[in-house]
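**Student:** Chains as they are written, first to last, in numbering that gives the first Met the number 0: chain Y, 0 to 447; chain S, 0 to 127; chain L, 0 to 500.
Since the hints were derived computationally from the structure, they do not count as laboratory data.
Each hint should be verified, as a subset may be incorrect.
[Claimed, not checked] Think about it this way: if two alpha-carbon atoms lie no more than 30 Å apart in a straight line, the pair counts; the simulated DSS-like pairs of lysine-lysine are:
1. K113(S) with K53(S)
2. K126(S) with K11(S)
3. K170(Y) with K124(Y)
4. K11(S) with K387(L)
5. K46(S) with K2(S)
6. K56(L) with K303(Y)
7. K6(L) with K37(L)
8. K387(L) with K126(S)
9. K194(Y) with K221(Y)
10. K34(Y) with K361(L)
11. K103(S) with K53(S)
12. K300(Y) with K391(L)
13. K46(S) with K83(S)
14. K376(Y) with K399(Y)
15. K37(L) with K365(Y)
16. K248(Y) with K25(L)
17. K450(L) with K361(L)
18. K116(L) with K38(Y)
19. K11(S) with K321(Y)
20. K303(Y) with K124(Y)
21. K450(L) with K126(S)
22. K158(L) with K147(L)
23. K198(L) with K321(Y)
24. K300(Y) with K83(S)
25. K303(Y) with K490(L)
26. K37(L) with K486(L)
27. K184(L) with K23(Y)
28. K184(L) with K321(Y)
29. K390(Y) with K25(L)
30. K40(L) with K365(Y)
31. K64(S) with K386(L)
32. K17(S) with K83(S)
33. K300(Y) with K475(L)
34. K6(L) with K248(Y)
35. K34(Y) with K232(L)
36. K490(L) with K40(L)
37. K221(Y) with K37(L)
So the chains spell out like this:
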Amino acid sequence: MRYIPSTKEQQEEMLKAIGVTSFKQLIDSIPDSVKLKRKLNIPSALSEFELDDKISMISQKNVNFQKFKPLVGAGAYRHFIPEAQKALLQRQEFWTCYTPYQPELSQGTLQSMFEYQSYIARLTKMEVVVPSIFDGASASAEAILMSLRLTHKNKIIVSTLIHPHYLETIKTYLAPHNIIIEEISSENGLTSLEKLKQSIDNDTACILVQSPNFFGGIESIKTFSEIAHQKDILLIQVITESMSLGLLKSPGDMGADIVVGNTQSFGLELDFGGPHNAFLATRKKYIRQIPGRIAGETTDKNGKRCFVMTFRAREQDIRREKATSNICTNHNLNVIASNIYLSLMGTEGLYQYSLLNAKKAHYFEKKLLETGKFVTKYKYPYFNEFLITYKGKDMERLKKVLIDNGFVPPLLIQKFYSDTPLQNTLLFAITEIFSRNELDSICNLLSQ
Amino acid sequence: MSKIIENLYYSKNDEWLKDEGNNIMVIGITDYAQDQLGDIVYVEEIKNGTKVSKGDVLTTVESVKAVSDVYSPISGEIVEVNQKVINEPSTLNQDPYGEGWFAKIKMSKPDEIKELMTSSEYNDFRKE
Amino acid sequence: MKLIFEKSIPGRVSFSLPDDLFEDIKIEDILPADFIEKDKKNLSEVSEVDVVRHFTKLSKYNYGVDDGLYPLGSCTMKYNPRINEKMAALNNFTKAHPFAPTELVQGSLEVMFELNKLLCEITGMDQFTMAPASGAHGELTGILIMRKYFLDQGQNRHKILIPDSAHGTNPASAAMGAFDVVEIKSNENGTVDIDALSKAMDEQTVGLMLTNPNTVGLYDEGIEQIEKIIHGKGGLLYYDGANLNASLGILRPGDTGFDIVHLNLHKTFSTPHGGGGPGSGVIGVKSNLIPYLPTPLVDFNPENNMYIFKEAGTKSIGMIRSFWGNFSVLVKTLCWILSLGPEHLYQASRNSIINANYVLTKLKDYYKPAYDRFCGHECTLTGREYKKYGIKTLQIAKRLMDYGYHPPTIYFPHFEPYADETIMIEPPESEGKEILDSFINVMIKISQEAKENPEILNSAPHVTPVSQTDDVLAVKQAILTYDDEIKNNDKLNYSDENINF
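In isolation and in its complexed conformation, chain Y is listed as follows (with noise of 0.2 Å):
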């Protein structure tokens, strides 16, 4: 089989070397019983061509999602990504190694490393950045699990206006731990203050919210942070859209303790879902509690300067089980695509391409509104996520005339929130990716 070379003959010589007369031999030590007695179950090896072929016809069995663009965002963004970017992407040295724990054999994954840190610091203004952890609802729960370690109190509250598998992978991850989680409504689109002021208590570890939060919205972390900071509780921000750090005030000037960001947007593919990958950025005075592994700066004996991993007695391979976090393999291969995704961005360009990414989301926002089938729900500043409520009745209609036409239809935000005022509310979000032309005949599809 071409990917084991080993000839009949090379392992004879082998097993002769070791001194067995027969493979057998090398398996003894597995008791007969539970020795499989007979060939697995499963299809007969497939050529290259019948494997290409069967792949193929079964991918044609999505629709064809190079053509059909997303008007959905929901914590996963579909956006251009520069063919540079994947084609340097494409070099085996990044993708087929190990984790860089042999740092001499490493240093193009670990320089890559450091820039991202680099870039991440600088867009939320925080001072030290673990570059992965798997996606932002396991990192939100890492944040909440940090927070505890370091205020060691009881309670969390987090507004609803989070992503909703947020939400339940944060209950997932704290069920042991016998944790007050106290969930903040929302008003008019944006995390209820009143009801946040009322939550808060001496025993609060931390607040996590979402901005811009699930409805696109923008929260005034800033106010959110001051109130914190006024009981020692440390304000946790979540951002799903990535894109929002490249015109968006940072999160750093606005008092968050902690920053847990879905880069998914930074260079991702929409894959299905995963892998993506998020950040977890804090301030230095926290680094011994951070979960993950992060690259830091040094000289190599001769004087050179080079990367490593650090602060690794926190990792479980050293602490076990007093480590910060379990994760061992995170989702490295993200950071580098994401790092050389913000590279062929650079400063200008993240800043136009989200500049486009606002206006482009406002113009379709007044042009849904202009063909009088659409009312505004909730009115909230929005980056480029926002709710918009069908004044028809029949929904189904509205998404097979967008799914016709070869567009992936907003999300139905009853989906996730059940409550009356929500009904016919779709959620749009619109990137760099549309055209003028396509949103005006979107606009003109769903006005008939």
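Put chains S and L on the given structure of chain Y with help from the hints.
**Tutor:** Same frame as chain Y, but now just chains S and L:
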């Protein structure tokens, strides 16, 4: 060969204790312990005035490749903390029996001394 | 090498913009000034040419599986087939939105459904969840399932048994599940001490986490007794599948009594390691635990021939990540299994075991093995005898780099008295005999150098882009971003010589 000083008491967890009189013991870690850890980069803050029981974690010492809990070999109250070791962790490597002391504890159960080792007992213990 | 920031020249661009910049929409009309950053956030300013050159050069400082042997024990660094990459990169897969209506993603759902069937057959389990993103993530999922299962039975079990040979993620995951870890010693054969296990297992213990073959590459021949002890007290058996490469077509964990199994798709199943992921740690369970799996699962409705998402019931532990799984990794896994079929899956394990035992046989006179017996798909040697020449096992590893090899796993696992100064070598089935012979010869050469010329080991590596790194300095100076470096400029005083290579 790691250094062992006479006239000190020793614990199985590689801590040394020096009797300062007045029921006060100075606590540190032995030469063997600092050598095992390697270059020490961090020592966790110790709070003056804390009451400890024998076996409680006094502080945590971190090197590049390991983290070690330092246990209190006796019960009592912490009456003085050596900030130097907290601010310059490498002191532990350079002078584990001198400048590298952690804290002074006023014993609440002086009988606990009987459970400690002498320098020659510790020497034998570590020889294994 | 220079950082991208050090290559920045103001005004350089690497992006493109359309003509229509929507100037008719004024930013001040749509967003309050309070929310907008006044100054642009400073990233880098380079051209596309600069970026391509920068990352091309950076890549050359890495060593990949395509460069040569990567004998890391417990990592299974096998060849990553290119056809799998092509299939995972198909646009219909990569551009599928996770919230697309299911009728638009029947292909993606079919991948997940078919993969489940294959993995169940390969492992002897009844149902898999594709949600966990890594082995450790899978462990946490399994632990949360165990916890919920016993709570449902009204049992308050708060302890979990973990061998001293276990990978660090096992106790770390157990701690995240708020379990008390009880460590079980290994016996002189390198496997679980049955007496110790029997004494430790009780009705306050959820069960045992076991890797089999274990982390020193040995099959645990006590598996039948272990199963009786754990199940005998109503506990559950968890299988850490990191070493499944020794078992394909030979045995199935589901047949040996395991209730929960995690697989590392980026190990056994050939998906790329990526420099630290993304991989996937899918979890398989026996039927009585299916209700506890994370939500949702992929199902098939025969009435309309459609794949659907099925929300798990009230017993589910919930979600452990957003969306459904590391999909591209699942595609690659499916491709690999379909490319090998039953005959070659067995050959993969068979060859990995032959390879490891061959290396063990050829090197045991130079590096005393931790255990004197045949191994599984990886062998554990030790570098103990070279201490007397002033050589640490670490330096043997570093010297290997001078000969063009990535070192094996060193100092793991570590449990006295046998697994000490360990060198764990795993030569997967994708390594041919002549590769092993070259590696063996180099290891023998290094053992001679250790005696005759220890200095060359202690100063290694010599030919890599950088030499021995100062890990202590890294923690002390805590320079974790370029801005940290700028702040410390006076202290660092770098010249071009320190940077350019």
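**Student:** Can you list which hints this structure breaks, lowest number first?
**Tutor:** none
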